[in-house]
Amino acid sequence: MKTTPLHDTHRTAGAKLVDFAGWDMPLHYGSQLEEHHAVRRDAGMFDTSHMLAIDVEGTGARAFLRRALSNNVDRLTATGKAQYSCLLAEDGGVLDDLIVYFFTEDFFRVIVNAGTADSDLAWLGHLRSRIAPALNLKARRDLAMIAVQGPNARDRTFAALPELRPAGELLGVFFGARVATGAGERFIARTGYTGEDGFELLVPNAQAVDTWSRLAAAGVRPCGLGARDTLRLEAGMNLYGHEMDEKVTPLESGLAWTVDLKSPRDFVGKAALLAKPPMRQLLGLVLAPKGGVLRAHQVVHTPHGDGEITSGTFSPTLNQSVALARLPAAVAPGDTVQVAVRDKRLDVRVVKPPFARHGQSMI
Amino acid sequence: MSSIPEKLRYASSHEWMRAESDGTYSVGISDFAQEQLGDLVFLEVPEVGRKLAAGEACAVVESVKAASDVYAPVAGEVVAANEGLSDALEQVNKDPYNAWLFRIKPVNPADVEKLMDAVAYAKSIG
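Note that the protein sequences, when read in sequence, are chains A and B.
Going by my numbering, the first sequence opens with residue 5, and the numbers climb by one from there.
Going by my numbering, the second sequence opens with residue 38, and the numbers climb by one from there.
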């Protein structure tokens, strides 16, 4: 199994490790619920080094991404600006979701999921050979990634890593900055996957343990993939392989906002999306307190046909179960539908995600 | 390393049974089971009076991560259910051998002796 530079650190801390997309990653360090609350109330950190940064370098970088990504990179004009986007197949299926950062016309950085990193590289390489053969796609496996999230994440990051303060303090939401140091490049971005403020950091692999230790000493709690999942689900954020994959379009996955169908720009998958109006939609479900726990793949019965839960969990912030579900297009927020859980059919309320953000309930 | 008290009996599906003074037995889940599940967030206990066959699914524990059935270690009747535990599920994670889910009056008390003792259970979970 693949391991990150922080693997020994996790083991020493007593983490329960699990296979995630071929990587041996921490699920939790004792209590997933406490880790979740730490991020909503204070600050927590995640080893996300299994994800991959891909630098898109060279003349024509923007033109290449304009064609390769569903969202419109022409909206990225300020240095460091980030944008969430999908990577689509020609048939409109979702190959991955990613964040792209703009720095200069000949340097963009894309951060993709762990499980799809290799296939993304192959696909982007294929597109490059068709569109921009001179472009360089550099997989940055030399960088470790740590996400620091929570209402106190910024202050604790600056206390632990004062050298990042000048760049980090000025960052607007969804901006990143590259910080040159004597020991290689660091990267700090005001992005995340929890619905809280915070940073995602990239540091050279050799600095990963020191960075993690300094953050821990500043009171940032190590958190595993378990809390990462409940936090992103509360925040109404998609997980690749659950809310979307190559068999569904972004329009049926709650990602229409990441697909630019209005501009004349052509991009991979556009023609297929225009030819295939969505029949289903992604919405949230809320179960009454103490009703049980909604889970992925449970069938949702509605008057307009059946749907399916894509991710379900217990929401520690709301203290009740919530889920994301792909439902027939005629279902609307406010409706009551039924979910088959074991031998019962439970009433659930349809809502528009997110469920919780910035420590607060949104429903 | 999981805690496995010597005085209890264990089922291969990770329930423990403890003899009470009135001839009934308390049933809960082992330390190993709670550790595998992680933080519990939901519990469904059987109704009092329900007659259970050995190995019958009769309760459900759910963690953030997964749902798991709890099975009757022996045949018998449910004589009590720990309804209040739903409001203090962290007790199952913190002190699994004092967090009983239900009590059972076995059809045949000798069945309990056929369950694993602590040594056998320790061996079974490696």
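Hints are computed from structural coordinates only; laboratory data are not their basis.
The structure displayed is predicted, hence computed values, not measured ones.
Backbone N, C-alpha and C define an ideal beta-carbon position, used for all residues, glycine too.
A hint or two may mislead.
[To be verified] So the derived label-pair ranges between C-beta atoms look like this:
hint, chain 1, residue 1, chain 2, residue 2, range
1, B, Ala56, A, Ala163, 40 to 48 Å
2, B, Ala103, A, Ser123, 25 to 33 Å
3, B, Glu72, A, Arg145, 31 to 39 Å
4, A, Ala17, B, Ala103, 35 to 43 Å
Find the hints from earlier in the document that the structure breaks and name them by number, from lowest to highest. Result: hints 1 and 4 break, sorted rising.
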